[in-house]
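These protein sequences, in sequence, are chains A and B. Going by this note's numbering, the first sequence opens with residue 1, and the numbers climb by one from there. Going by this note's numbering, the second sequence opens with residue 1, and the numbers climb by one from there.
Worth flagging that the hints you see were computed from the coordinates, not collected in a lab. Note that the structure is predicted; figures quoted are calculated from it, not measured. Accuracy of the hints is not assured; some may be wrong.
[What the hints assert, rightly or not] Pair ranges (Cβ atoms, derived):
1) B:85 with A:67: 15 to 23 Å
2) B:56 with A:99: 26 to 34 Å
3) A:100 with B:56: 22 to 30 Å
4) B:71 with A:117: 31 to 39 Å
[To be verified] Footprint (simulated), chain B over chain A, 3 or more residues, beta carbon under 8 Å:
5) 8-17
6) 36-50
7) 102-112
8) 120-130
[What the hints assert, rightly or not] Covered, in the sense of this in silico footprint (three residues per stretch, anywhere, with C-beta under 8 Å from a C-beta of chain A), are these stretches of chain B:
9) 8-14
10) 17-24
11) 32-43
12) 68-74
13) 77-89
Virtual Cβ for every residue (Gly too), placed ideally from N, Cα, C.
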Amino acid sequence: MAEVLFFLAAALAIGTALAIVLVQNPFYSVLALILNLIALAILFLLLNAEFLAAAQVVVYAGAVMVLYIFVTAYVGGSDQPVIPEGGVLRTIAPFFAAAIFIELSIAIVGSGLTMLDSSGAEISAGFGSPAQIGELLLSRFLVPFEAASYLLLITAVGAIVLAQRRRGLEEAEL
Amino acid sequence: MSITWFVVLSAVLFAIGLFGVMTRRSPLVILLCLELMLNAGNLALIAFARGHGNADGQVFALIVMVVAACEVVVGLGLIVAMYRRRMPIDADAASELRG
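Next up, chain A with everything else stripped away, as it sits in the complex (with noise of 0.2 Å):
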């Protein structure tokens, strides 16, 4: 059962993944990154991480990606083509991202790390539950939860700097 229900988030996961870069309409992309993440909520949830797949579905899949939606719809779609021609980097980009997946995989292959051949170690029985994660971020983790409070903060800020309307700039621009 776990073996087919990975299979399918997997196969989901690459294919919205394909579809997000070469689709030629930014809000299909957005689309596609939406399916993507339900996908990795899926496969969360065979990793034993309820809270996170969660977490996944409701804050990124839902609140995150609105956002996004909001975005494409308010500044439009391009006319560009997907893979523009020329340039150092785009001809060599297909070359680098199959170069960056065959080092990672001799990595992990060759690590020797006997945990990867296994399904993973014995767990308790509240493992990835909101209780456990709770407990753990209120207590060892307290400082990396506070700075990303703080970093919220800073960014709800920054973000509403950025995107003001600036009287002075704009009427320089014209």
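Using the hints provided, position chain B relative to the given structure of chain A.
Chain B in isolation, oriented as in the chain A frame:
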């Protein structure tokens, strides 16, 4: 289900995202591909957390999600600012700061 499958899948997704970042010109799609790469990293973190039976990796993945959300908000703010100033929405055209 061996953990290797999950980690190799995350490597595939990372490589696809990298290809997108290097080839696409629209900053919006580049941000989407960055999301893809960050999520590939998250998948690897959670797979290793399961492999070791230790939930610390899941907390790390949660913090990565927070940082990714911040990155998206600032990136989209920049794109809206570019649109307001009637600059072309094209990563190649925004080269004023190039040395």
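(request) Would you pick out the hints that fail for this structure and give their numbers low to high? (result) No numbers; nothing is violated.
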